[in-house]
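Chemist: Sequence:
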Amino acid sequence: MLDYSKILSGTVQGIKPSGIRKFFDLLGDRKDVISLTVGEPDFPTPYHIREAGIENLERGKTHYTSNNGMMELRTEICNYLNRRFHISYNPKNEVIVTVGGSEAIDLAVRAVVEPGDEVIIPQPAFVCYGPIVELAHGVPVYIETKAEDKFKLTPEALRAAITPKTKMLVLPFPNNPTGAVMDREDLEGIAEVLRGTNIVILSDEIYAELTYGFRHTSIASLDGMWERTITVSGFSKAYAMTGWRLGYLCAPAELTVQMHKIHQYAIMCAPTTSQVAAIEALRHGDEDIAMMAAEYNRRRKYIISGLRRMGIDCFEAEGAFYVFPYIGAYGMTSDEFCQRLLDERNVAIVPGNAFGACGEGYARISYAYSVEHIASALEQMERFIKG
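So for the sequence shown, my numbering puts the first residue at 121; every next one is plus one.
Hints were generated in silico from the structure; no laboratory data involved.
A hint or two may mislead.
When the alpha-carbon atoms are kept at most 20 Å apart in a straight line, the in silico PhoX-like pairs for lysine-lysine are as follows [to be verified]:
1. Lys421 - Lys270
2. Lys381 - Lys212
3. Lys136 - Lys126
Owing to the predicted nature of the structure, the values given are computational and were not obtained by experimental measurement.
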């Protein structure tokens, strides 16, 4: 009989499964669970975007596109980024259309990181960054962000983490799971630390359209940062297109030409119908973004108010569609709190430690659900904490 432990990659075997998925598995076939776990818009993809995809299928345009994506789509991505965030890219050689934002992150890390290189990752953060670095045989270096700093990366913490081996900084803002954002002033402090270094920035801006009260600033728009930044985004969050699996990265041509080779051999190209739908989204989707963002903002205010009313300390999230309340005051670990809440009140939220060890004592709650659904969950949570 084969000894699979000797066949499989030791690197892969050493990577822990996603903490988010681990908790989802606990839900199993349980009935009537009130879930606030999923980081996915509850809106359907706007009809005009779906219609563009349907028309493409009906016309039989289902063949491969160029490896980097349709030129028409790359042009619209550049127009969009310039119009919305004041950053400029050449659609010919500075854009790669990917299978979701996750592939874009993977391409960026694999093209830059060599064995032993260090990649700085602020936490709490989405679960994929560290494992992708490890798969590239790099070394994740985690920086703990804190509630008293509004879960922002500070210049002092960044400076202290940099060593001669530092190759990349992951900048995951607006942040999943905390809802933290970095405004222009915050980013200027980070830029000042990085000027004069050879450190590359992987700026994951998938939630850039979901900020409340102000516009997102891309670090690539700051002096001296464009040439060192790989900007990653996609269509899942802003346009409610999660199942279309479409993302993109933008970077100087010297970087994209190398990432293109990985994409070319691993993927070939992103789905054709999704690309056609994305062109429609970029050209005519600004009103959809505004409508959904306004509704998320309403839900954000509602859920923060509800948590605080029952005595749960909750950071004032300013982006994405998550809140990250502190539940450590109840004498349980994050896992214990979430497990008991599920068992006793049939409400599912995600333990904060799924997003890094510094998330212990917190929980992630998604408000990508209707107010009525959120209200039902909050009612049961209040009963749980009041015994």
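Chemist: Can the restraint linking Lys136 and Lys126 be considered satisfied, given a maximum Cα separation of 20 Å?
Modeler: Status holds; Cα separation ~18 Å.
Chemist: Assess, step by step, whether the Cα of Lys381 is no farther than 20 Å from the Cα of Lys212, and give holds or violated.
Modeler: holds (15 Å)
Chemist: Can the restraint linking Lys421 and Lys270 be considered satisfied, given a maximum Cα separation of 20 Å?
Modeler: The hint holds at about 17 Å.
Hint violations for this structure: none, all hints satisfied.
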